[in-house]
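There are 2 protein chains.
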Amino acid sequence: MTTSPTARRQLVRVHNFGVSLDGFATGHGQALDTPFGHARFRLVDWFFDTAMGRELQGRGPGGSRGIDNALTESGFRGIGAEIMGRNKFGPQRGPWPDESWQGWWGEEPPFHTPVYVLTHHPRPSLKMAGGTVFHFRDASPADVLAEAKQAADGLDVRIGGGPTVVREFLAADLVDHLHIVVVPIVLGRGVWLWDGLEGLEQRFEVETIASPKGVVHLTYTRRTS
Amino acid sequence: MTTSPTARRQLVRVHNFGVSLDGFATGHGQALDTPFGHARFRLVDWFFDTAMGRELQGRGPGGSRGIDNALTESGFRGIGAEIMGRNKFGPQRGPWPDESWQGWWGEEPPFHTPVYVLTHHPRPSLKMAGGTVFHFRDASPADVLAEAKQAADGLDVRIGGGPTVVREFLAADLVDHLHIVVVPIVLGRGVWLWDGLEGLEQRFEVETIASPKGVVHLTYTRRTS
Chain L
1 MTTSPTARRQ LVRVHNFGVS LDGFATGHGQ ALDTPFGHAR FRLVDWFFDT
51 AMGRELQGRG PGGSRGIDNA LTESGFRGIG AEIMGRNKFG PQRGPWPDES
101 WQGWWGEEPP FHTPVYVLTH HPRPSLKMAG GTVFHFRDAS PADVLAEAKQ
151 AADGLDVRIG GGPTVVREFL AADLVDHLHI VVVPIVLGRG VWLWDGLEGL
201 EQRFEVETIA SPKGVVHLTY TRRTS
Chain Y
1 MTTSPTARRQ LVRVHNFGVS LDGFATGHGQ ALDTPFGHAR FRLVDWFFDT
51 AMGRELQGRG PGGSRGIDNA LTESGFRGIG AEIMGRNKFG PQRGPWPDES
101 WQGWWGEEPP FHTPVYVLTH HPRPSLKMAG GTVFHFRDAS PADVLAEAKQ
151 AADGLDVRIG GGPTVVREFL AADLVDHLHI VVVPIVLGRG VWLWDGLEGL
201 EQRFEVETIA SPKGVVHLTY TRRTS
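Sequence lines, in order, name chains L and Y.
Take the first sequence: its letter number 178 is residue 178 in this note's numbering, and every next letter is one higher.
Take the second sequence: its letter number 4 is residue 4 in this note's numbering, and every next letter is one higher.
Next up, chain L with everything else stripped away, as it sits in the complex (with noise of 0.2 Å):
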């Protein structure tokens, strides 16, 4: 059975998106090598070490089947389209010198759907295998939201991330749930997350659990009235 597109409200939704204790989404300094900067994996490290992560990164079976590894696939289902900034996409700025950049994640990103990407520098849509479409748009988070809801087909949008993308969907109160994984470092500089965004929780109904392996998940999950 599918899915009818009318059925059920689409939700956009934020997961896995980790962020220290004083809360920098990524560290400072990103480049080629160094796709968080001075964070390394410190904020993703976690997601790493789950069964899907591992998946996720073609590392084989193992990992972590906990609470850490159903949030991270909670994130995975349901999704029809992914909205993201141009700083995830990739470390360059500016102008594109050339479109041999085609993203972090090979031949075959883990998306699997459309793909949006935000920049002031569109280009050309590419499609890579499984299913994965980057598109180039220059467009405000209500618009961008709006032609990803379409491609979704009915599905959910993610917004994927970096933390300005997530911030600017999040002041923009188009956000419906939010999953942020606090890890209990202090990183001291890079993209923080919460400018502006005052008052947020009230919008939205709170959970937090602790995982064994020392990092925190707060779902934030929008209040129906």
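To be clear, the hints were calculated from the coordinates, so they are not data collected in a lab.
Do not rely on the hints blindly, as some may be mistaken.
Which copy is meant is left open, so a pair is good if it fits within one copy or across any two.
Stated by the list, open to error - Quick list of in silico lysine to any residue cross-link-like pairs, SDA-like style, CA-CA up to 25 Å:
(1) LYS213 with SER100
(2) LYS149 with GLU205
(3) LYS213 with ASP143
(4) LYS213 with LEU197
(5) LYS213 with ARG203
(6) LYS213 with GLY66
(7) LYS213 with THR224
(8) LYS213 with ALA70
(9) LYS213 with GLU198
(10) LYS149 with GLY75
(11) LYS213 with SER74
(12) LYS213 with HIS177
(13) LYS149 with THR224
(14) LYS213 with HIS179
(15) LYS213 with GLN202
(16) LYS213 with PRO97
Fit chain Y to the supplied structure of chain L, relying on the hints for placement.
Positioned in the frame of chain L, the structure of chain Y alone reads:
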């Protein structure tokens, strides 16, 4: 059996220290009727709802006796002296208009030990009922700590806050045990705890636990080499 002053190493401890998801440990705009500024009591509600929190406030029996209460109680065991900032002691700024202000806590404050108040405006010590004596010192963290350790008679010294004082003691690497309580709200403004503390976690063993009340306890215990 009493503890001999030389029987064990005296620890410097921070306990029950609430901080918002975005890292503010008190709100903006402290005043006589708003000791935590616009944060109101949102960073300490979890504490006031515990059995010990109720007891400290003279609100009689009742209150939770689970994880929040156990951690609250732990913060009061074995403390022989306290250090706090002037903004925790009162809402005034600059020279004292007179010496009538005796703290927020009434005739019998819940400290029952010497309490060193850091201020650029020293005034005579203040002896309260129940064993609390407020001393006012214009001193460095290390110097006031040396005095507090002497006065603690072999017991531990608690750094009571506010955030500016906790941050200074953390930056000077003077804290052995740090118990942070993350309240999953976005305050947006106030006094930020984390400035200048990059890499803090490297000196500590870290544990995390979420309480059913929805707050998250993080304990940082100094690594022993």
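Taking the hints in turn, this is what the structure says about them:
Taking identical chains as interchangeable, the C-alpha atoms of LYS213 and SER100 are never at most 25 Å apart, the minima being 38 Å within one chain and 50 Å between chains. With identical chains, the CA atoms of LYS149 and GLU205 are at most 25 Å apart within one copy only, with a shortest distance of 24 Å there and 44 Å across copies. Taking the closest pair of Cα atoms, LYS213 and ASP143 never come within 25 Å of each other, the shortest separation being 39 Å inside a single copy and 38 Å across copies. Taking the closest pair of Cα atoms, LYS213 and LEU197 come within 25 Å of each other only across two copies (23 Å); inside a single copy the shortest separation is 28 Å, beyond that limit.
Proximity of LYS213 to ARG203 under the C-alpha cut-off of 25 Å is restricted to the inter-copy arrangement: shortest distance 18 Å between copies versus 29 Å within a copy. For the homomeric pair LYS213 and GLY66, the shortest alpha-carbon distances inside one copy (10 Å) and between copies (22 Å) are both at most 25 Å. For the identical chains of this complex, LYS213 and THR224 are inter-copy neighbours only, at 21 Å across copies versus 32 Å inside a copy, given an alpha-carbon limit of 25 Å. Proximity of LYS213 to ALA70 under the C-alpha cut-off of 25 Å is found in both arrangements, the shortest distances being 14 Å within a copy and 22 Å between copies.
Within a single copy, LYS213 and GLU198 get their C-alpha atoms only as close as 29 Å, which misses the 25 Å cut-off; across copies the closest is 21 Å, which meets it. For the identical chains of this complex, LYS149 and GLY75 are intra-copy neighbours only, at 17 Å inside a copy versus 50 Å across copies, given an alpha-carbon limit of 25 Å. Both within a single protomer and between protomers do LYS213 and SER74 lie at most 25 Å apart by alpha-carbon distance, with minima of 18 Å and 24 Å respectively. In this assembly of identical chains, LYS213 and HIS177 lie within 25 Å of each other by CA distance both inside one copy and across copies; the values are 23 Å within and 20 Å between.
When the C-alpha separation of LYS149 and THR224 is checked against a cutoff of 25 Å, the pair qualifies only within one copy, where the shortest distance is 20 Å, while the shortest distance between copies is 53 Å. Proximity of LYS213 and HIS179 under a CA criterion of 25 Å is satisfied in both settings, with 17 Å inside one chain copy and 18 Å between copies. Taking the closest pair of Cα atoms, LYS213 and GLN202 come within 25 Å of each other only across two copies (16 Å); inside a single copy the shortest separation is 29 Å, beyond that limit. In the homo-oligomer, the alpha carbons of LYS213 and PRO97 never lie at most 25 Å apart, since the shortest distance is 41 Å inside one protomer and 52 Å across protomers.
When the structure is compared with the earlier hints, violations turn up for hints 1, 3, 16 and for no others.
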